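A.B. asks: Which chain is which? The protein sequence lines are U and W, in order. Letter by letter, the first sequence follows residues 1 to 476 of full-length UniProt numbering. Letter by letter, the second sequence follows residues 1 to 324 of full-length UniProt numbering.
No lab work stands behind these hints, which were simulated from the structure alone. Note that the structure is predicted; figures quoted are calculated from it, not measured. One should not assume that every hint holds.
[Said to hold, decoys possible] Capping the alpha-carbon separation at 30 Å, the derived lysine-lysine pairs in DSSO-like fashion look like this:
#  : chain 1 : residue 1 : chain 2 : residue 2
1  : U       : 43        : U       : 195
2  : U       : 365       : U       : 402
3  : W       : 310       : U       : 141
4  : W       : 323       : U       : 23
5  : W       : 187       : U       : 385
6  : U       : 43        : W       : 118
7  : U       : 437       : U       : 458
8  : U       : 437       : W       : 190
9  : U       : 181       : U       : 141
10 : W       : 146       : W       : 118
11 : W       : 233       : W       : 310
12 : W       : 310       : U       : 438
13 : U       : 458       : W       : 323
14 : W       : 118       : U       : 385
15 : U       : 82        : U       : 345
16 : U       : 43        : W       : 99
17 : U       : 458       : W       : 220
18 : U       : 141       : U       : 195
19 : W       : 187       : W       : 310
20 : W       : 99        : U       : 345
21 : U       : 82        : U       : 339
22 : W       : 323       : U       : 43
[To be verified] Pairwise CB distance ranges (calculated):
#  : chain 1 : residue 1 : chain 2 : residue 2 : range
23 : W       : 248       : U       : 349       : 50 to 60 Å
24 : U       : 144       : W       : 105       : 17 to 27 Å
25 : U       : 437       : W       : 186       : 51 to 61 Å
26 : W       : 88        : U       : 77        : 52 to 62 Å
27 : W       : 186       : U       : 436       : 18 to 28 Å
28 : U       : 352       : W       : 103       : 26 to 36 Å
29 : W       : 102       : U       : 44        : 23 to 33 Å
30 : W       : 261       : U       : 437       : 38 to 48 Å
31 : W       : 91        : U       : 165       : 53 to 63 Å
32 : U       : 165       : W       : 88        : 45 to 55 Å
Ideal Cβ positions, reconstructed from N, Cα and C, are used throughout, including at glycine.
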Amino acid sequence: MNEQLLSVGIDMGTSTTQLVLSKLHIENLASSFTVPRLVITNKEVVYRSDICFTPVLADNRIDMIQIQQFVQEQYAKAGISKEEIQTGAVIITGETARKENASEVLQSLSGFAGDFVVATAGPDLESIIAAKGAGAHTYSKDRSTSIVNIDIGGGTSNLAVFASGDLLDTGCLDIGGRLIKVDQNSHEITYIAPKIKQLAERRGIALALGQRVTPADLEPIIGEMVKLLEESVGIRPLGDFYDTIVTNKGLKLDRNIASISFSGGVADYIYNEATGDVFQYGDIGILLGRAIAASPLTNQLTVARAAETIRATVVGAGSHTTEISGSTITYTDESFPIKSVPILKLSLSDESGDDETLARAITDKLSWFKLNNDLQQVAIAIEGKSSPSFQEVQKYARGLHKGMAELLEQKYPLIVVVHHDMAKVLGQTLYALLDYKKDVICLDSVVVDNGDYIDIGKPIADGKVLPIVIKTLVFH
Amino acid sequence: MNEKDLKSMIESILNEMVGNEPAETNAKPAAPAPSAAPSEAAVAVAQPTASAAAQPTMAPQEQMQEQVDTGECLDDITEINLRKLLLVDDPEDREGYLKMKEKTPARLGVGRAGPRYKTITSLRFRADHAAAQDAVFSYVSEDFVKEMNLVAVETLCSHKDEYITRPDLGRQFSAETIEYIKQNTTKQAKVQIMVGDGLSSAAIEANLRDIVPAITQGLKMYGLEADNILFVKHCRVPSMDVIGDATEADVVCLLVGERPGLVTAESMSAYIAYKPTVGMPEARRTVISNIHSGGTPAVEAGAHIAELIKTMIDRKASGIDLKL
Numbered sequence: 001m002n003e004q005l006l007s008v009g010i011d012m013g014t015s016t017t018q019l020v021l022s023k024l025h026i027e028n029l030a031s032s033f034t035v036p037r038l039v040i041t042n043k044e045v046v047y048r049s050d051i052c053f054t055p056v057l058a059d060n061r062i063d064m065i066q067i068q069q070f071v072q073e074q075y076a077k078a079g080i081s082k083e084e085i086q087t088g089a090v091i092i093t094g095e096t097a098r099k100e101n102a103s104e105v106l107q108s109l110s111g112f113a114g115d116f117v118v119a120t121a122g123p124d125l126e127s128i129i130a131a132k133g134a135g136a137h138t139y140s141k142d143r144s145t146s147i148v149n150i151d152i153g154g155g156t157s158n159l160a161v162f163a164s165g166d167l168l169d170t171g172c173l174d175i176g177g178r179l180i181k182v183d184q185n186s187h188e189i190t191y192i193a194p195k196i197k198q199l200a201e202r203r204g205i206a207l208a209l210g211q212r213v214t215p216a217d218l219e220p221i222i223g224e225m226v227k228l229l230e231e232s233v234g235i236r237p238l239g240d241f242y243d244t245i246v247t248n249k250g251l252k253l254d255r256n257i258a259s260i261s262f263s264g265g266v267a268d269y270i271y272n273e274a275t276g277d278v279f280q281y282g283d284i285g286i287l288l289g290r291a292i293a294a295s296p297l298t299n300q301l302t303v304a305r306a307a308e309t310i311r312a313t314v315v316g317a318g319s320h321t322t323e324i325s326g327s328t329i330t331y332t333d334e335s336f337p338i339k340s341v342p343i344l345k346l347s348l349s350d351e352s353g354d355d356e357t358l359a360r361a362i363t364d365k366l367s368w369f370k371l372n373n374d375l376q377q378v379a380i381a382i383e384g385k386s387s388p389s390f391q392e393v394q395k396y397a398r399g400l401h402k403g404m405a406e407l408l409e410q411k412y413p414l415i416v417v418v419h420h421d422m423a424k425v426l427g428q429t430l431y432a433l434l435d436y437k438k439d440v441i442c443l444d445s446v447v448v449d450n451g452d453y454i455d456i457g458k459p460i461a462d463g464k465v466l467p468i469v470i471k472t473l474v475f476h
Numbered sequence: 001m002n003e004k005d006l007k008s009m010i011e012s013i014l015n016e017m018v019g020n021e022p023a024e025t026n027a028k029p030a031a032p033a034p035s036a037a038p039s040e041a042a043v044a045v046a047q048p049t050a051s052a053a054a055q056p057t058m059a060p061q062e063q064m065q066e067q068v069d070t071g072e073c074l075d076d077i078t079e080i081n082l083r084k085l086l087l088v089d090d091p092e093d094r095e096g097y098l099k100m101k102e103k104t105p106a107r108l109g110v111g112r113a114g115p116r117y118k119t120i121t122s123l124r125f126r127a128d129h130a131a132a133q134d135a136v137f138s139y140v141s142e143d144f145v146k147e148m149n150l151v152a153v154e155t156l157c158s159h160k161d162e163y164i165t166r167p168d169l170g171r172q173f174s175a176e177t178i179e180y181i182k183q184n185t186t187k188q189a190k191v192q193i194m195v196g197d198g199l200s201s202a203a204i205e206a207n208l209r210d211i212v213p214a215i216t217q218g219l220k221m222y223g224l225e226a227d228n229i230l231f232v233k234h235c236r237v238p239s240m241d242v243i244g245d246a247t248e249a250d251v252v253c254l255l256v257g258e259r260p261g262l263v264t265a266e267s268m269s270a271y272i273a274y275k276p277t278v279g280m281p282e283a284r285r286t287v288i289s290n291i292h293s294g295g296t297p298a299v300e301a302g303a304h305i306a307e308l309i310k311t312m313i314d315r316k317a318s319g320i321d322l323k324l
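Please build the complete structure, drawing on both the sequences and the hints.
C.D. replies: Rendered as structure tokens:
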């Protein structure tokens, strides 16, 4: 059996918006004599869109109509219709995520792009998606090494650290190629981002709007930006401006990182020498790339070539956001897709007690999800046990049943997400406790945490598995 | 194990030897004499400074006290998780090696002592082999069969050797047994579950408690019932065909111990067939194998089997006739 999923990725970044179409190949790797084990075996990008500037209206809101037109045009160019899209993700990144109508645009665009195209946002997710699109996780896995990918776009630098294919950490800095804009013809500064202005003042670097500049004039401020990047990956002691430049959090830096890769628009000018005028894009992207290429970032760490540079995030969104659930699961309801359900992950101590402890913990924590006393739809996540006994499964089911009492009153099915392989039996046990009257969706082999959201698509591979997207939805 | 533990271990081993000695060397009738002499030797070995020699009268008393069985025994080396044990000295990339070992139960990274295995590798190999042999040659206990409320029957084999050497007898029942089976099962049931010791009694005792309730619970969800579960001693897989003929059940599901290997002795398979009958092609059986704590968990396998049985009943087919 070899099934394919057509996936779309759309990235609305600070400066550019792009789209890719990917094919995800799904195969059952188990022999005929064991329970099925479906996995995504291959991901290939089949269509890359043009890159357009993210359209912004005069009042600094995102121009939704233009973006929809862009998506329609690209679908037509690729020769596909919206109905053929089976999965995918729209990610809103960098400065664009901070626009007033960011959330609204994201939600409506995801619906516009396809039935199961999910909305995602958040600096951590951005870092992970870009690094995966750049191939950093594969690099670290294949070479059994650690790597940091820095996705340097127009407004932010997103960091993600992987070791042997596992994600270790993420971070984000307000450093990007379009934080200083320079007029292509007059070479006058037309824009300086607030934090960069502050940095220049702190360091006593003269920098003002309307100032006519040469690359040499910009060297000091770009040098400071590169130093901050060096600090962010642990090859320079943290300086006095580091905390200011960090968007939400930096890396923990608790271990040495062996390699580095770069993605994002600036990356092209780290890996390659630019031809033509350095101000051809009206910003400092090329100069920043050059400065990074000549810095300790590339001398002290082993430089890995990214699989994608400016398209890393969009390829990540198209190819690396959709996962599939474990292959032995329970679902008694078919009303998919289910979109953007927040996760309530229980702690290990909640799970290790008896069913009463579990039930109490769920009841307590469900109150976090109450808005004006109204409980939202929530998916309960547990670690579970590898090879549990039937008694233990019953304990989990009783605890969940009791703890989720409030959720039972909602019209939605109960959603339980388990890490270890036990979802089929747990789902059946729960369904029995509910007297087969309330629908249950119980998935396993999925790792989630508090703050995450889950989207669940229509069953694939003869109903054996469900496509899912684990994501965040954080607007600044 | 630290030095102190080692010392007390040697002491207790020596004491055990000494404790057994009087029975064998009962040439001297005087009670204290035989035990006094060896105990001196024992203490002398355990404590090379031989402080006991200075106080010979103390020795027998100490000896008597220490003879009490504290229930201690050597660590069970089969409990060591081999996937986390790297015995290569000074590996170039320990993390990478362990990462590789995570993916396979094969005994990688065992290192060597000269051209041979290290002692622990050698002992573990023997221990695992012994567990495998035990699994084949032991029986599922009668108490267990009772606890699980199974209907116990046996094939034509009269003992394990015959079971091993005569596969043909392991798939047949006497006329009386077939009559007994007919009387103790539901005729033309939708599902007949049976359990067979097969080549691993250990597998049955390890998994049955968890898989049976998982299967019956799953079946119940589909409105199916399975009672009067049979237990077949000296069981070969095709014995399920005879059960199929005798009970006329729609689906027969046989849970049977798999031939044990060195990775686990507790692996179980489920052979499931739609209306099995003696002489049918093997291809009509559907198999779910590798059910054990390190493979497919018994409870999860049970839930899957329930669904599989339901599919077979709906589609009236099994084995290669059933496209899944």
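A.B. asks: For each hint, tell me whether it holds in the structure or not.
C.D. replies: Hint by hint, here is what the structure shows:
The straight-line distance between the Cα atoms of residue 43 of chain U and residue 195 of chain U is roughly 39 Å, outside the 30 Å bound, and the hint therefore fails. Annotation: proposed proximity of residue 365 of chain U to residue 402 of chain U holds, straight-line Cα distance about 13 Å (limit 30 Å). In summary, the hint linking residue 310 of chain W to residue 141 of chain U is not supported, as the alpha carbons are separated by about 41 Å, beyond the 30 Å threshold. Proposed proximity of residue 323 of chain W and residue 23 of chain U is supported: the alpha carbons are some 26 Å apart, at most 30 Å.
Using a Cα cut-off of 30 Å, the hinted pair residue 187 of chain W and residue 385 of chain U is violated, with the two alpha carbons roughly 39 Å apart. For a cut-off of 30 Å, the pair hint linking residue 43 of chain U to residue 118 of chain W is broken: about 44 Å separates their Cα positions. Between residue 437 of chain U and residue 458 of chain U, the direct Cα distance comes to roughly 22 Å. Compliance with the 30 Å bound is thereby established for this hinted pair. Proposed proximity of residue 437 of chain U and residue 190 of chain W is supported: the alpha carbons are some 24 Å apart, at most 30 Å.
A threshold of 30 Å between alpha carbons decides the hint, and for residue 181 of chain U with residue 141 of chain U the separation of about 38 Å lies outside it, so the pair is violated. Taken as a hint, the residue 146 of chain W and residue 118 of chain W pair is broken in the structure, with Cα atoms around 44 Å apart against an allowance of 30 Å. Distance restraint check for residue 233 of chain W and residue 310 of chain W: the Cα-Cα separation of roughly 27 Å lies within the 30 Å cut-off, and the hinted pair is therefore satisfied. A distance of roughly 21 Å separates the Cα atoms of residue 310 of chain W and residue 438 of chain U; the hinted pair therefore holds under the 30 Å criterion.
At most 30 Å may separate the alpha-carbon atoms for a hinted pair to count; residue 458 of chain U and residue 323 of chain W meet this at roughly 21 Å. Among the hinted pairs, residue 118 of chain W with residue 385 of chain U is inconsistent with the structure: their alpha-carbon atoms are about 34 Å apart, more than 30 Å. This hinted pair does not check out: residue 82 of chain U and residue 345 of chain U have alpha carbons roughly 34 Å apart, beyond 30 Å. As the CA atoms of residue 43 of chain U and residue 99 of chain W are separated by approximately 24 Å, the hinted pair is consistent with the 30 Å bound.
Distance restraint check for residue 458 of chain U and residue 220 of chain W: the Cα-Cα separation of roughly 26 Å lies within the 30 Å cut-off, and the hinted pair is therefore satisfied. Between residue 141 of chain U and residue 195 of chain U, the direct Cα distance comes to roughly 36 Å. Violation of the 30 Å bound is thereby established for this hinted pair. At most 30 Å may separate the alpha-carbon atoms for a hinted pair to count; residue 187 of chain W and residue 310 of chain W meet this at roughly 19 Å. Using a Cα cut-off of 30 Å, the hinted pair residue 99 of chain W and residue 345 of chain U holds, with the two alpha carbons roughly 27 Å apart.
With a CA separation close to 18 Å, the supplied pair residue 82 of chain U and residue 339 of chain U stays within the 30 Å bound. Among the hinted pairs, residue 323 of chain W with residue 43 of chain U is consistent with the structure: their alpha-carbon atoms are about 27 Å apart, no more than 30 Å. For the hinted restraint 50 to 60 Å between residue 248 of chain W and residue 349 of chain U, the CB-CB distance of approximately 53 Å keeps it satisfied. Separation of residue 144 of chain U from residue 105 of chain W is about 20 Å and conforms to the stated range, judged on CB atoms against 17 to 27 Å.
As the Cβ distance of residue 437 of chain U to residue 186 of chain W is approximately 28 Å, the hint placing it in 51 to 61 Å is violated. For the pair residue 88 of chain W and residue 77 of chain U, the supplied restraint of 52 to 62 Å holds, since their beta-carbon distance comes to about 55 Å. About 23 Å separates the C-beta atoms of residue 186 of chain W and residue 436 of chain U, a value consistent with the hinted range of 18 to 28 Å. One distance hint, 26 to 36 Å for the beta-carbon pair residue 352 of chain U and residue 103 of chain W, holds here, with the actual separation near 28 Å.
Roughly 28 Å separates the CB atoms of residue 102 of chain W and residue 44 of chain U, a value that falls within the hinted 23 to 33 Å. As the Cβ distance of residue 261 of chain W to residue 437 of chain U is approximately 45 Å, the hint placing it in 38 to 48 Å holds. Under the hint 53 to 63 Å, the C-beta atoms of residue 91 of chain W and residue 165 of chain U, about 20 Å apart, miss the expected range. One distance hint, 45 to 55 Å for the beta-carbon pair residue 165 of chain U and residue 88 of chain W, is violated here, with the actual separation near 22 Å.
Hint compliance for this structure: hints 1, 3, 5, 6, 9, 10, 14, 15, 18, 25, 31 and 32 are not met, and every other hint is.
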